[in-house]
Amino acid sequence: MRTWLPGGAVLTVFVAGVAVRLVGLTQPPLDFHPTRQLHSAEIARGFYYATHPDAPDWQRAFALEGRLRRGVIEPQVMESVSAWAFGLLGGEELWFPRLLSITFWTLGAWFLHLTARRWAGRLGGLVAAGYMLFSPYALQASRAFMPDPLMVCLMCGTLWAATRWVSERPGPGAWWWAAATGAFAGAALFVKPAAGYFLGPFLAALVLRHFGLRSLRTPQVWVAGLLAVLPLTGYLTATSALGLEVLGMGGRVFPELWASSSFYLNWAGMLTIVLGTGWLLAGLLGTLLIPQGAAVVGLIGWYVGYVALGFTVSHHMSTHDYYSLPLVPVVGLGLGVLVGVARRSVSRTRRALRATIAGLVAVTMVVGGLAGWSRLGAIDHQQEARNWQLLGSLFAPTDRIVGLTAHYGHLFTYFGWRSYTWWPATFDRALMPETNDFPSYWVTRTAGMDYFLLTDFGQWDAQPDVREHVLQHCTVVSRTNWYVIFDLRDSAECQHPTERP
Numbered sequence: 018m019r020t021w022l023p024g025g026a027v028l029t030v031f032v033a034g035v036a037v038r039l040v041g042l043t044q045p046p047l048d049f050h051p052t053r054q055l056h057s058a059e060i061a062r063g064f065y066y067a068t069h070p071d072a073p074d075w076q077r078a079f080a081l082e083g084r085l086r087r088g089v090i091e092p093q094v095m096e097s098v099s100a101w102a103f104g105l106l107g108g109e110e111l112w113f114p115r116l117l118s119i120t121f122w123t124l125g126a127w128f129l130h131l132t133a134r135r136w137a138g139r140l141g142g143l144v145a146a147g148y149m150l151f152s153p154y155a156l157q158a159s160r161a162f163m164p165d166p167l168m169v170c171l172m173c174g175t176l177w178a179a180t181r182w183v184s185e186r187p188g189p190g191a192w193w194w195a196a197a198t199g200a201f202a203g204a205a206l207f208v209k210p211a212a213g214y215f216l217g218p219f220l221a222a223l224v225l226r227h228f229g230l231r232s233l234r235t236p237q238v239w240v241a242g243l244l245a246v247l248p249l250t251g252y253l254t255a256t257s258a259l260g261l262e263v264l265g266m267g268g269r270v271f272p273e274l275w276a277s278s279s280f281y282l283n284w285a286g287m288l289t290i291v292l293g294t295g296w297l298l299a300g301l302l303g304t305l306l307i308p309q310g311a312a313v314v315g316l317i318g319w320y321v322g323y324v325a326l327g328f329t330v331s332h333h334m335s336t337h338d339y340y341s342l343p344l345v346p347v348v349g350l351g352l353g354v355l356v357g358v359a360r361r362s363v364s365r366t367r368r369a370l371r372a373t374i375a376g377l378v379a380v381t382m383v384v385g386g387l388a389g390w391s392r393l394g395a396i397d398h399q400q401e402a403r404n405w406q407l408l409g410s411l412f413a414p415t416d417r418i419v420g421l422t423a424h425y426g427h428l429f430t431y432f433g434w435r436s437y438t439w440w441p442a443t444f445d446r447a448l449m450p451e452t453n454d455f456p457s458y459w460v461t462r463t464a465g466m467d468y469f470l471l472t473d474f475g476q477w478d479a480q481p482d483v484r485e486h487v488l489q490h491c492t493v494v495s496r497t498n499w500y501v502i503f504d505l506r507d508s509a510e511c512q513h514p515t516e517r518p
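According to this note's numbering, the sequence shown is numbered sequentially starting from 18.
Each hint should be verified, as a subset may be incorrect.
Stated by the list, open to error - Just the calculated beta-carbon pair ranges, DEER-fashion:
#1 Thr336 with Asp416: 30 to 40 Å
#2 Pro481 with Asp74: 34 to 44 Å
#3 Trp75 with Arg462: 40 to 50 Å
#4 Val40 with Gly104: 39 to 49 Å
#5 Leu253 with Pro481: 44 to 54 Å
#6 Gly107 with Leu243: 18 to 28 Å
#7 Asp482 with Thr415: 36 to 46 Å
#8 Thr438 with Val89: 35 to 45 Å
#9 Pro481 with Arg403: 26 to 36 Å
#10 Leu411 with Gly295: 26 to 36 Å
Honestly, the hints are just simulated from the structure, not real lab data. Backbone N, C-alpha and C fix where the C-beta goes; we use that ideal spot for every residue, glycine too.
Just need the whole structure built from these sequences, with the hints factored in.
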């Protein structure tokens, strides 16, 4: 019994972690940050239709335009692989990138399990992986079509390899782990350069703690460092030579938010959503109890890097919860170590208490998994996707449309197959001073447009300048209970608002 039960428990946790993520696998990617997922879906569509000769010319041109319009934020790895799979599957099967993300996240949880088990025993390793697999937020985020699940997987691989590296005696084994550390880190940075905010301080602190000042003269450090930076450096060099512009952090840095209390409150709210305040504090405590000094210092660097990222992309950190996703594995690691320490502190003769600890851990995983599972299957998004498809069919492919819709118009563009220029929401306008001059901005934003599409009635009510002008001067073409279409070509007054007296 003792020989197979721990392995059986690990297998059960991982199989259950995958199984629960398969709920609603074929649903449109509208359950978690549709804007971000459809961003990747449009890029993948562009890659796919570029090699799809049977599609109508307008459709291929639209798909390519959509990919180019999204720009290049990071190397489009997930999108390229998904487009290749679409070719094999015969169409845009969006369940494939979901499955890809699930696979990568589960592999990352395995790396985390291996890391925690060395310090916290089998139960601690199981707890670390269990938190990563069954925390309600991670259940949703880990199956999203975006690069973050793959990035976190590779970051977990870096954590596993790096902590093994600094625990190895000098010899071939240490060289192997140094190379593995660099390879994992380089792949993570290539997939999403923001990983450098975490891995840079983590590896620098870990190496300095282990090798000291001689680290700069240590060949293994140079090998790991070169492997870490070469993939992204090569990519940036190639894109620059081809004249491509990588967007990076442009439009995300707002230092003025640093003086705002709401920025910190919103940021704390994101942490609560992603991690849970209690779990975060327990994970931090567990981190300090790790018996390997270099790992403790390195993980503190990981947290410091997260704070640095938050101040760099302050608006996104306080409004986009998935920017805190890379903390999930290190919090899970801390929880695993904490449980391992608690279990070891109980006398071996008090088996009932030890069993109670294990039981509480199991119950916590089950409750978390059920909570996340209930969210995954709660809403059927198929009809919503069909509605946007029907809405798109009301327009000709050549129509030029500006509008006030949720998620920056991504649902209309992707499912409706129509070009779209978004009218900024109130929170976007707060960061765009040019929108304060409504008449001038309206003329600029709607120049050459044919129609104004309204589906976000909350924003419609929140922007009286837009509402009053459009209702007074623009003609309604079509109206239902969920959308209104206005003709912008009907009158000069519609196209050119006047200043109020």
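Hints and how they fare:
1. Hint check: Thr336 to Asp416, Cβ distance near 32 Å, so the stated range 30 to 40 Å holds.
2. Hint check: Pro481 to Asp74, Cβ distance near 43 Å, so the stated range 34 to 44 Å holds.
3. Here the CB-CB span from Trp75 to Arg462 is close to 25 Å, at odds with the stated 40 to 50 Å.
4. The hinted range of 39 to 49 Å is not satisfied by Val40 and Gly104, whose Cβ atoms lie roughly 27 Å apart.
5. Distance hint check: the CB atoms of Leu253 and Pro481 are about 45 Å apart, consistent with the given range 44 to 54 Å.
6. For the hinted restraint 18 to 28 Å between Gly107 and Leu243, the CB-CB distance of approximately 42 Å leaves it violated.
7. Against the hinted window of 36 to 46 Å, the Cβ-Cβ separation of Asp482 and Thr415 comes to about 29 Å, which falls outside the hint.
8. For Thr438 and Val89, the Cβ-Cβ distance of about 20 Å falls outside the hinted range of 35 to 45 Å, so the restraint is violated.
9. Between Pro481 and Arg403, the C-beta spacing of about 33 Å keeps the proposed range 26 to 36 Å intact.
10. Here the CB-CB span from Leu411 to Gly295 is close to 50 Å, at odds with the stated 26 to 36 Å.
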